[in-house]
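> What follows is the residue order along each chain.
2 protein chains.
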Amino acid sequence: MSTSVIDRTASTEHPVLDVLAGRWSPRAFHSENPIDEAKLSSALEAARWSPSASNSQPWRFVVARRGTALHAQVVEALRGFNQVWAGDAAVLIVAIAETATADGVPLSHALYDLGQAVAHLSVQAHSDGLVVHQMSGFDPELVQEFADLEPRFVPTTVIAVGELGNITALPEALQARESAPRVRRPIDETVILSA
Amino acid sequence: MSTSVIDRTASTEHPVLDVLAGRWSPRAFHSENPIDEAKLSSALEAARWSPSASNSQPWRFVVARRGTALHAQVVEALRGFNQVWAGDAAVLIVAIAETATADGVPLSHALYDLGQAVAHLSVQAHSDGLVVHQMSGFDPELVQEFADLEPRFVPTTVIAVGELGNITALPEALQARESAPRVRRPIDETVILSA
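Chains A and B, in that order, are what the protein sequence lines are.
Letter by letter, the first sequence follows residues 1 to 195 of the numbering used here.
Letter by letter, the second sequence follows residues 1 to 195 of the numbering used here.
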């Protein structure tokens, strides 16, 4: 299987780092190459050093490599189209928010902080030549069951990590999405008040 | 006022990008230099191109430059120690999660996606020589009032952005925190299941 060369670098209106402008979320993952373990370790290390409210680090990860029973369990938990393509990814990581401490004290910024940690993970992975696609479409209760999680641990996304695969191996409906232009709301509509 | 030279680069166990290892959250901000507008635009642009669930982009920002009435309002909303140091920052940005669409459909990943957008913002800013410190300690209702926000828009953090200032200008209690070693939980305790 050959790797497609796809460049979907964002058309930014102000200069941003190549690793941020060039990052996107493919669905075509290389279905044979195993994960580069050094790159995976670096990606997790990047998440580790992310900032969080009072350094609470309210994030946990389930890391499942393709070919393992755990990977199959994560694929099983995916919903809809995600189950069609994401199983090809060399690694599926479940990102889990710690929404309260063991003593029951709520961690109000757990989801926010988890998002930051995964952003750091994805920036590091992309910089190392891997691709990353985060999914919210999965059944968190299934993950809570097979990972035997206390209710305070909330599975929030499943993250496909691996090498870019060949777009033509995807079903046609997904191929179109894969090459559509990347679009974002103008910054003027995001900055709602400024002085 | 001279700028302190402080290097708090993380002691990572696996190689990560300099911009991720070197990023930290200072409290000493330069209290005179205005924000570099080009760098601020790049930081917001980086946030803009962040990924989000179904590309929902559930983030909004209030951008307040030091010396404006808006900046004073944001400082007023800060809690505790944050009010001591954060007013020095050239810009205070309120990061706001869009927790439901205008039609009332919940956006379950709004906080998570907002965290990612702010991570991208902070990585870009740090790469451009700015420093960033996110705060959860503030009164979101005060912000909702002065920014006239619908309840579905939830102010989540206030982000100080500017140039690094002189640590000796901080109260002594804060100086100690500023030079303490950066610590994180070992990755083995974060990856709770692996195969």
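Read the hints as simulated data drawn from the structure, not as lab findings.
You may find that some hints are simply not true.
What the hints assert, rightly or not - Residues of chain A clear of chain B, computed beta-carbon distances all greater than 10 Å:
(1) 10
(2) 38
(3) 179
To be verified - Listed next, with one range per pair, are the computed distances between beta-carbon atoms:
(4) A:185 x B:104: 39 to 49 Å
(5) A:183 x B:169: 26 to 36 Å
(6) A:179 x B:181: 28 to 38 Å
(7) B:137 x A:80: 36 to 46 Å
(8) A:13 x B:180: 52 to 62 Å
Note that the structure is a prediction, hence the values are computed from the model and not measured.
Just so it is clear, CB atoms sit at the ideal spot from N, CA and C, and this is done for glycine as well.
> Is residue 10 (chain A) truly not at the interface, in the sense that its beta carbon sits beyond 10 Å from all beta carbons of chain B?
violated, 5 Å
> Is the nearest Cβ of chain B still more than 10 Å from the Cβ of residue 179 (chain A)?
holds, 15 Å
> Do the Cβ positions of residue 13 (chain A) and residue 180 (chain B) conform to the proposed distance bound of 52 to 62 Å?
Once the Cβ atoms are compared, 39 Å apart, the range 52 to 62 Å for residue 180 (chain B) and residue 13 (chain A) is violated.
> Okay, residue 137 (chain B) versus residue 80 (chain A) on CB: inside 36 to 46 Å?
holds, 40 Å
> Hey, is residue 38 (chain A) genuinely clear of chain B, shortest beta carbon separation above 10 Å?
Its Cβ does come within 10 Å of chain B, the nearest being 7 Å, so this is violated.
> Just tell me: holds or violated, for the beta carbon distance of residue 183 (chain A) and residue 169 (chain B) against 26 to 36 Å?
violated, 44 Å
> Tell me if the beta carbons of residue 185 (chain A) and residue 104 (chain B) are separated by a distance inside 39 to 49 Å.
With a Cβ separation near 20 Å, residue 185 (chain A) and residue 104 (chain B) fall outside 39 to 49 Å, so the hint is violated.
> If you check the beta carbons of residue 179 (chain A) and residue 181 (chain B), does the distance land in 28 to 38 Å?
Violated: the Cβ-Cβ distance is about 47 Å, outside 28 to 38 Å.
In the structure shown, a violation is registered for the earlier hints numbered 1, 2, 4, 5, 6 and 8, in ascending order.
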